[in-house]
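Asker: Spelled out, the chains give:
Number of protein chains: 2
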Amino acid sequence: MKQLSKSNLHIALLHYPVLGKTGEIIASAITNLDLHDIARASTTYGVQSYQVVIPLDDQRRIAKDICNHWTSGYGSRSNPDRKKSFELINISSDLDAAKNHIIQTTGYSPQLIATTAQMIDGCLSYEKCRHLAYSEKPLLLIFGTAWGLSKDFIEQCDHVLEPIEPHREYNHLSVRSAVSIILDRLLGDFHNKKLDF
Amino acid sequence: MKQLSKSNLHIALLHYPVLGKTGEIIASAITNLDLHDIARASTTYGVQSYQVVIPLDDQRRIAKDICNHWTSGYGSRSNPDRKKSFELINISSDLDAAKNHIIQTTGYSPQLIATTAQMIDGCLSYEKCRHLAYSEKPLLLIFGTAWGLSKDFIEQCDHVLEPIEPHREYNHLSVRSAVSIILDRLLGDFHNKKLDF
Numbered sequence: 372m373k374q375l376s377k378s379n380l381h382i383a384l385l386h387y388p389v390l391g392k393t394g395e396i397i398a399s400a401i402t403n404l405d406l407h408d409i410a411r412a413s414t415t416y417g418v419q420s421y422q423v424v425i426p427l428d429d430q431r432r433i434a435k436d437i438c439n440h441w442t443s444g445y446g447s448r449s450n451p452d453r454k455k456s457f458e459l460i461n462i463s464s465d466l467d468a469a470k471n472h473i474i475q476t477t478g479y480s481p482q483l484i485a486t487t488a489q490m491i492d493g494c495l496s497y498e499k500c501r502h503l504a505y506s507e508k509p510l511l512l513i514f515g516t517a518w519g520l521s522k523d524f525i526e527q528c529d530h531v532l533e534p535i536e537p538h539r540e541y542n543h544l545s546v547r548s549a550v551s552i553i554l555d556r557l558l559g560d561f562h563n564k565k566l567d568f
Numbered sequence: 372m373k374q375l376s377k378s379n380l381h382i383a384l385l386h387y388p389v390l391g392k393t394g395e396i397i398a399s400a401i402t403n404l405d406l407h408d409i410a411r412a413s414t415t416y417g418v419q420s421y422q423v424v425i426p427l428d429d430q431r432r433i434a435k436d437i438c439n440h441w442t443s444g445y446g447s448r449s450n451p452d453r454k455k456s457f458e459l460i461n462i463s464s465d466l467d468a469a470k471n472h473i474i475q476t477t478g479y480s481p482q483l484i485a486t487t488a489q490m491i492d493g494c495l496s497y498e499k500c501r502h503l504a505y506s507e508k509p510l511l512l513i514f515g516t517a518w519g520l521s522k523d524f525i526e527q528c529d530h531v532l533e534p535i536e537p538h539r540e541y542n543h544l545s546v547r548s549a550v551s552i553i554l555d556r557l558l559g560d561f562h563n564k565k566l567d568f
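Protein chains in written order, with my numbering: chain A, 372 to 568; chain B, 372 to 568.
Hints in this document: simulated from the structure, not taken from any laboratory.
One or more of the hints may lead you astray.
[To be verified] For lysine-lysine, the following DSSO-like pairs were computed, each having C-alpha atoms within a straight-line distance of at most 30 Å:
1. B/Lys455 with A/Lys522
2. B/Lys522 with A/Lys455
3. B/Lys377 with B/Lys470
4. B/Lys392 with A/Lys454
5. A/Lys392 with B/Lys470
6. B/Lys499 with A/Lys499
7. A/Lys522 with B/Lys454
8. B/Lys392 with A/Lys435
9. A/Lys454 with B/Lys522
10. B/Lys435 with B/Lys454
[As the list claims (entries may be wrong)] Beyond 12 Å from chain A on every Cβ pair, some chain B residues (computed):
11. Gln489
12. Glu540
13. Ala549
All figures in this text were calculated on a predicted structure; none of them were measured in a lab.
For each residue, glycine too, the CB sits at the ideal point set by N, CA and C.
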């Protein structure tokens with residue numbers, strides 16, 4: 372497959388509706404390195420935007436303060452590489468606002484692809500998702516904080532991406548690791564060379 | 372290639388000798404999520420040990436306190452999955468002590484494989500490194516904190532692994548992302564299925 376120079380992949384990190392430790396639905400707090408690590412990986416692999424969705428007002432204000440530090444405050448001058456990656460971030464209170472941001476910049480409503488560590492019947496393979504990521508219309512690949520996206524939310528998405536390593540006994544990657552590995556599988560030059568897509 | 376059920380891969384995270392922002396050699400401080408994320412990814416992919424090398428006494432004490440919380444303190448009871456991943460961690464003051472820990476558990480001195488974001492002539496491909504990771508003798512794959520391993524240190528290693536995405540304009544992954552992606556490329560079931568090793 373001849374690949375376009377730019378993917379149409381966008382990423383969202385949801386802080387609601389996600390699962391708590393005992394399976395209840397919660398709104399989670401932000402984690403500073405979720406902003407840094409996922410923005411840096413997204414910039415490295417050519418992701419088009421990183422949508423951070425946080426319904427809690429105080430948590431959203433903290434996230435915006437951190438982003439402002441790196442995009443226009445002291446951090447933007449002390450570390451221009453970090454500034455570039457933070458410029459990918461858009462912070463919203465809910466998923467509709469994140470989708471609207473993508474509609475405004477691309478002209479299309481994105482397909483929604485949920486991620487989960489659980490194997491679900493009919494999930495989308497990495498090969499198929501990679502094809503979609505280089506097609507004309509935007510994809511929004513959605514990750515959950517805490518113990519992951521809620522089952523009801525996953526069922527409302529257009530597709531569910533296959534888990535990273537579903538047959539492992541231990542299956543507890545951080546969301547930062549999961550995003551990094553999935554971006555490499557979907558957009559990595561390594562796989563352009565190796566895989567017959 | 373028929374793969375052995377267990378790899379012989381060990382990981383080290385060095386806090387010295389690594390580069391500071393302006394290229395000087397520094398001893399870096401610990402980052403809590405370096406312990407968590409790399410231990411979780413290492414456990415997921417079947418890494419044999421995670422060697423955290425910290426020369427600064429106070430920083431090493433902090434790292435040990437964090438590890439004790441998760442392996443024998445309250446954290447070990449509140450989150451047994453996290454306990455399992457932290458049990459992979461061995462904290463040392465220098466690389467020789469980390470190597471001795473591997474010699475004591477395996478009977479062999481490990482081959483040392485440095486990682487860097489820079490392309491270096493004669494670097495080891497992922498395919499060759501994957502073969503070595505499933506051979507009889509242990510490999511110690513070494514990552515640097517801060518701005519990466521020093522040039523002199525890299526030259527003392529047996530091999531240097533090829534960079535993750537050397538042809539990208541933006542090349543600033545966190546060490547947590549870099550470890551996750553490299554473990555997936557070297558040990559992931561995804562690649563067992565796809566690649567003709």
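Asker: Each hint should be assessed against the structure and marked as holding or not.
Answerer: Results of checking the hints against the structure:
no.: 1; hint: B/Lys455 with A/Lys522; verdict: holds, 27 Å
no.: 2; hint: B/Lys522 with A/Lys455; verdict: holds, 27 Å
no.: 3; hint: B/Lys377 with B/Lys470; verdict: holds, 19 Å
no.: 4; hint: B/Lys392 with A/Lys454; verdict: holds, 15 Å
no.: 5; hint: A/Lys392 with B/Lys470; verdict: violated, 37 Å
no.: 6; hint: B/Lys499 with A/Lys499; verdict: holds, 28 Å
no.: 7; hint: A/Lys522 with B/Lys454; verdict: holds, 27 Å
no.: 8; hint: B/Lys392 with A/Lys435; verdict: holds, 25 Å
no.: 9; hint: A/Lys454 with B/Lys522; verdict: holds, 27 Å
no.: 10; hint: B/Lys435 with B/Lys454; verdict: holds, 14 Å
no.: 11; hint: Gln489; verdict: holds, 15 Å
no.: 12; hint: Glu540; verdict: violated, 9 Å
no.: 13; hint: Ala549; verdict: violated, 8 Å
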